[in-house]
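*Asks:* Sequence order for the protein chains is V and W. Here the first sequence stands for residues 1 to 110, numbered as in my numbering. Here the second sequence stands for residues 1001 to 1085, numbered as in my numbering.
Derived from the structure by calculation, the hints contain no laboratory data. Among the hints, a few may not be true.
With beta-carbon atoms standing in for the labels, derived distance ranges [as the list claims (entries may be wrong)]: (1) I1005(W) <-> D28(V): 34 to 40 angstroms; (2) S90(V) <-> V1007(W): 37 to 43 angstroms; (3) V1058(W) <-> D93(V): 44 to 50 angstroms.
Computed, partial: chain W to chain V, Cβ under 7 angstroms [stated by the list, open to error]: (4) S1002; (5) T1028; (6) T1038; (7) A1045; (8) F1052; (9) L1074; (10) V1075; (11) A1076; (12) A1078.
To be clear about the criterion: a stretch of chain V counts as covered by chain W if any three or more of its residues have a C-beta under 8 angstroms from a C-beta of chain W, and this derived list gives those stretches [claimed, not checked]: (13) 26-40; (14) 92-100.
From the three backbone atoms N, C-alpha and C, an ideal C-beta is built for every residue, glycine too.
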Amino acid sequence: MNLWGAIITGIGTLFLFLGNLGVLRLPDVYNRVQAGTKCTTLGAFLTIIGVGIMQPAWFWKTLVIALFILVTNPISSHAIARASRKIGVSLCDRTVVDKTKEFVEYKEEA
Amino acid sequence: MSVMIIVFLALIGTGIFLCFLRMLIGPTASDRAVAIDTITTTVVALLVLFGFIFERYVYLDVSLVYAVLSFVGLVALARFLERGI
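From just these sequences and the hints, can you work out the full model?
*Replies:* Now the structure itself:
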């Protein structure tokens, strides 16, 4: 039982809660993707590493799980965001700049 | 110790419940896919925390396999949303 591991796990669970709250409250699909991938990746990474510090015999396996999440979670979120942009899910009303308009029109032509 | 564990589990459980509400009321299919993505990543961390609480090493294997299967499933779901299987 280590104090630093408990502190790191607490920060990680706080980031997980904030990410899930952002998925509920933000107005748009792309904002939800951003909240749901950034906060959740950092939160899961800190939670798993904190458990590895609290239980030192498990450290290398928790490091493997954390690195796997750190690599694969942005890939799946990027795939979902790209697919939802290609099928034309609309942006929210307060959007200022849309640089992917040509991308969608090119997809509709092809 | 036990108060700390209860606070961690309450934070993660409340987060999963909020994300489940987004999965129920999401207007499009992409919202539901994003909610599924967030829930699976949260559940991987929750399984590792369960392994620490119950002192079972097997939960780490379960968590790793769950992470691999959720990644493959979400990539397949994104491809299905884009052009159909």
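*Asks:* Hint by hint, which ones does this structure get wrong, listed from lowest number up?
*Replies:* Going through the list in order, the structure violates hints 4, 11 and 14 and respects the others.
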